[in-house]
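S.K.: Here are the chains, one letter per residue:
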Amino acid sequence: MVQAARSGSIDTVTIALIGNPNTGKSTLFSALCGVHQHTGNYPGVTVERKTGDFRWGDRSIELIDLPGTYSLAPRSPDEMITVDVLLGRQKGTAPPRSVLCIVDASNLERNLYLVSQVLELGLPTVVALNMMDVAAARGITIDAGELARRLRIPVVPIQANRRRGLDDLKTALASGTRGLVEHSVPAFPAPFEQAVTELASRSAAISGQEPPRFLVQRLLLDTTVYLSESGMPGINGVLANDLQQARERLATAGCAVPGVEAISRYNWVGEVLKGVVSRSNESRVTASDRIDRLLTHRYYGTAFFVATMALMFQLVYLIAEPANGLLDAAKSWLASVVGGMLAEGPLRSLLVTGVIEGVGSVLVFLPQIFVLFFCIAVLEDCGYMARAAYLMDRLMFRIGLNGKSFIPLLSSFACAIPGIMATRVIENRRDRLVTMLVAPLMSCSARMPIYSLLIATFIPERVWLRVFGLRGLVWFAAYAVGSCTAIVVAMLLKRTLLRGDTPPFVMELPSYKYPEWRVVLLRMGQRGWEFVRRAGTLILAVSILVWAAAYYPHRESDIPGEWRARHAQIQAALDDASGLSETDRAAFSEELSHLDRQIQGEYLRRSWLGMAGRGLEPFVKPLGWDWRIGCAVVASFPAREVVVATLGVIYNLGTETSDQDEQLHAALRNATWEDSGKPVFGIPVALSLIVFFALCAQCGSTLVVMRRETGSWRWPIFTFTYMTSLAYFGAFLSYQIACWCGW
Amino acid sequence: MMLVPLHMLNSGESAEIAQLVGVPDHVQRLKELGIRAGERVEMVQPGSPCIIRLAGTRLCFRESDALGVLVKPESGS
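Protein chains in written order, with the numbering used here: chain G, 1 to 743; chain E, 1001 to 1077.
No lab work stands behind these hints, which were simulated from the structure alone. Be a bit skeptical, because a hint or two may be false.
Covered stretches of chain E, going by a simulated chain G footprint (3 or more residues, C-beta under 8 angstroms) [unchecked claim]: (1) 1002 to 1010; (2) 1020 to 1026; (3) 1030 to 1042; (4) 1052 to 1061.
For every residue, glycine included, the Cβ atom is placed at its ideal position computed from N, Cα and C.
Can you make the complete structure from the sequences, with help from the hints?
M.R.: Quick look at the structure:
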């Protein structure tokens, strides 16, 4: 490898990587950049922005990995970003100096469609001819040299998964020129070219600047709103009226849009490939075909799918449980160490209750989130996810969506945030919205602790037929409540607010392959880290707010005088070590900790959170809750995982012990109503809480992400309202029904 | 030879695509994916959606009122 001397004059080149989906683009990207990858988001939208860099000779190359696409005609936010980046219009991203186009050698015709669009941009372009081995196995031979001569750009055969041909590719990339070039591009019919020229000059006359020809051409071709609503400077001047007239004229001239594009481009592709590609015995049954016959079979395939999903969730619990226990122990240890170092007071309380407990309660979920992300990444990389989407399409179709909504909803079982981000592959705006709006109903991992606490405490363990346990069934029911509600809500939305035809469903099924662990682990790491960053920052803020609401005003005068006097008395007796028998000492200690808990409880009652909870009691009483549950639920609106910690604090436990399971279980069982002394909790209350948490929109991050995705607060507010109302009525119904049944 | 909708092909049958019918935007999307007149397709998994093999790739596709593919079945298959 030629490493440049680290002199000051390193030339940095930005190159955009583009290609059809399933061409090995991610593999090439990580083969070129290794671990030098950065992910983030493009400003304003949650489309993932992936860049990486590598050095070659005296050049430092920054590679932008664009989302996989079949065409530059923007039909989804993903594709709009691709166009923006290529035109150098994307904020925070340098305009690419050249483009690297990866194509699948076994399907050159379709791949060159996109290449022809890229060439029209006029940027220096390099084509990486990937999967030559697959093509060879299918009896396809390609004369790469001849292809390069015809296209008049470098064409480099590579095999990204074996890291072959990468040096040649890097050399071609590094030696690219600057500035715009004239490529060999498809010729459109004369009337079309003329219409483009007319529109361009009209736009120039109105807006005072000549827009890029490529853009005007796209505007004329694309009947979707993405481009015309993008606010690009050059196309502001092109009036909708002019466009409409131009399209009508073209239709009468026999080159109607958008059909004319496919005809012209495929004609050009046919010319370019004539004599370059030769095929022998085309129809060969591959291993993928044989596997597909089984895995996409109506019955066997469905059975395999259900088994895979069941296995995946089993794995999540299997691995997550011991890991959670470890992290939990680490959290308690840290809390006790920090607690021991600081004196009693607001700072200690803030650090222990607010920061360590609050943020720790989220970090404890990391193992299961990573496991779930790992499973999803494996399923994606080996090619099964597309089959799952195919199988689920039948169900999704009945709801009014299509198979593409399945993957986002599946991810939402880990966390709704990546789920909502994954909706960007859905082209239809209405379908995308519906998927986003119901994604938070999937029981995410943040609901696991409250389910687990309530089920372990209140649901008796009964086993039927050795396999079906009552607790397991309640777990399943908790998940089912959310999923079934999601189906109903999606159906209602598609029939009312977001009515529209079910759009066509076309999707490529990639060939099966062994997952590439590099790609899988990287993807898992990136998504997991994204979750930590996104959730972590918000949860920290929320934890501090909840802590403050539960701590302040903290007036000593609120505590009855006799308690304080007795507390001081015992403390003095204990401090005075002499003259106390062991039994007296033990009795005093016991009374002291009891008093401590009483005082803690009184502070909480008098705190802002406590006041809010007591004010809410009339509203939550029909659900079977007392003011303390009300408090915990109110506090968990910004982030639902806070609830277990809050319950621990509220039921007079003191902070350090809140995560010691047995104690919290006992405290919940022994909690009584303040007025009547009857037990607060029972199966009906447990069920009503489970249903409430299953349905309620208690996650600030999700709503914020939804706002960014949809561009307005309208949909997050809608989601919050509908989910919270559903949760309230669901909890009400389950409490009343359970009471009526006499449980 | 008669034209039939794509989904009427049986598993393993091949046909030549004759015509795409439907909303222009959706038709355009199919063409970008390589589904266009003159291409040879083979039915892998019939049904709705169906899986077809086309130019070495597998695509799954649901026909609807808004979008359909008419094909010319190959004789003898």
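S.K.: Are 3 or more residues of the region 1030 to 1042 of chain E near chain G, judged by a Cβ distance of less than 8 angstroms?
M.R.: holds (count 8)
S.K.: Is the listed coverage of the region 1002 to 1010 of chain E by chain G valid when you require three or more residues with a beta carbon under 8 angstroms from a beta carbon of that chain?
M.R.: Three-residue rule not met by the region 1002 to 1010 of chain E, so violated; n is 0.
S.K.: Quick one: see if chain G covers the region 1052 to 1061 of chain E, three-plus residues with Cβ-Cβ under 8 angstroms.
M.R.: Coverage by chain G holds here, the residue count being 8 at a Cβ distance below 8 angstroms.
S.K.: How does the coverage statement for the region 1020 to 1026 of chain E fare against chain G, requiring three or more residues with Cβ below 8 angstroms from a Cβ of that chain?
M.R.: holds (count 4)
Of the hints listed earlier, the one the structure fails to meet is number 1.
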